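Start from the sequences, fold in the hints, and give me the full structure.
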Amino acid sequence: MRTHTNWITRAETGADVPVVREILLAAFETPLEADLVDALRADPAWIDGLSLVSTDEHGSIIGHALLTRCHIDDTPALCLAPVAVRPEHQRSGAGSAAVRAALKAAGDMGEKYVTVLGHPAYYPRFGFTRASAHGIGLSVDVPDEAMMAMTLDGTHPLPSGTVRYAAPFGI
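Just so you know, we're using full-length UniProt numbering here: the sequence shown kicks off at 1 and counts up by one.
Because the hints were derived from the structure by calculation, they are not lab data.
Remember, predicted model here, so these are calculated numbers, not experimental data.
All residues carry an ideal CB built from backbone N, CA and C; glycine is no exception.
You may find that some hints are simply not true.
[What the hints assert, rightly or not] Pairs of lysine to aspartate or glutamate residues, derived as EDC-like cross-links and limited to a Cα-Cα distance of at most 16 Å, are as follows:
#1 LYS112 <-> ASP73
#2 LYS112 <-> ASP153
#3 LYS104 <-> ASP48
#4 LYS104 <-> ASP153
#5 LYS112 <-> ASP74
[As the list claims (entries may be wrong)] For each label pair, taking beta carbons as the anchor points, the in silico distance ranges come out as:
#6 ALA146 <-> GLY110: 25 to 31 Å
#7 PRO143 <-> PRO31: 23 to 29 Å
#8 THR30 <-> PRO157: 33 to 39 Å
#9 THR30 <-> ALA146: 15 to 21 Å
Quick look at the structure:
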């Protein structure tokens with residue numbers, strides 16, 4: 001692993017699609033996440049500008065974070081998933097840079113809420129808290145501490161309800 005503090009973040013371009021898939025295939029044990037991202041690209045849940053990459057100083061893509069449309073009951077929200085980093089660069093800040101860039105881009109677009117089903121020791125650093133504390137849940141059983149949510153706009157508290165993901169998630 002190489003530590004890097006000056007990650008460059010930007011929205012994914014069409015030319016980045018094969019590289020992002022390569023990163024997803026390398027970062028996860030199965031192709032499920034890579035296939036999910038491919039399916040989301042063709043789904044109405046896809047929002048241009050919310051698939052972010054982090055690159056090194058040479059422009060090589062190292063990390064990726066994706067936000068797509070979901071709902072908390074009928075309230076529009078975003079789902080953060082997946083987040084991936086090339087294995088040799090994990091724990092270098094590339095994933096955090098992509099997540100922060102994605103959350104900022106979403107806020108700049110006027111989005112208010114983000115959910116994530118992920119590692120409870122990782123996502124709180126971005127402002128995520130346990131979703132059940134806000135009355136937010138899923139229609140399937142998951143560990144309570146793994147389902148998290150946050151508001152991007154402090155003037156809009158999180159709504160309560162059941163998270164409804166885009167169809168490609170299969171939930």
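Outcome of the hint check:
no.: 1; hint: LYS112 <-> ASP73; result: holds, 15 Å
no.: 2; hint: LYS112 <-> ASP153; result: holds, 6 Å
no.: 3; hint: LYS104 <-> ASP48; result: holds, 14 Å
no.: 4; hint: LYS104 <-> ASP153; result: holds, 11 Å
no.: 5; hint: LYS112 <-> ASP74; result: holds, 14 Å
no.: 6; hint: ALA146 <-> GLY110: 25 to 31 Å; result: holds, 28 Å
no.: 7; hint: PRO143 <-> PRO31: 23 to 29 Å; result: holds, 24 Å
no.: 8; hint: THR30 <-> PRO157: 33 to 39 Å; result: holds, 37 Å
no.: 9; hint: THR30 <-> ALA146: 15 to 21 Å; result: holds, 19 Å
In terms of the numbered hints stated before, the structure departs from none.
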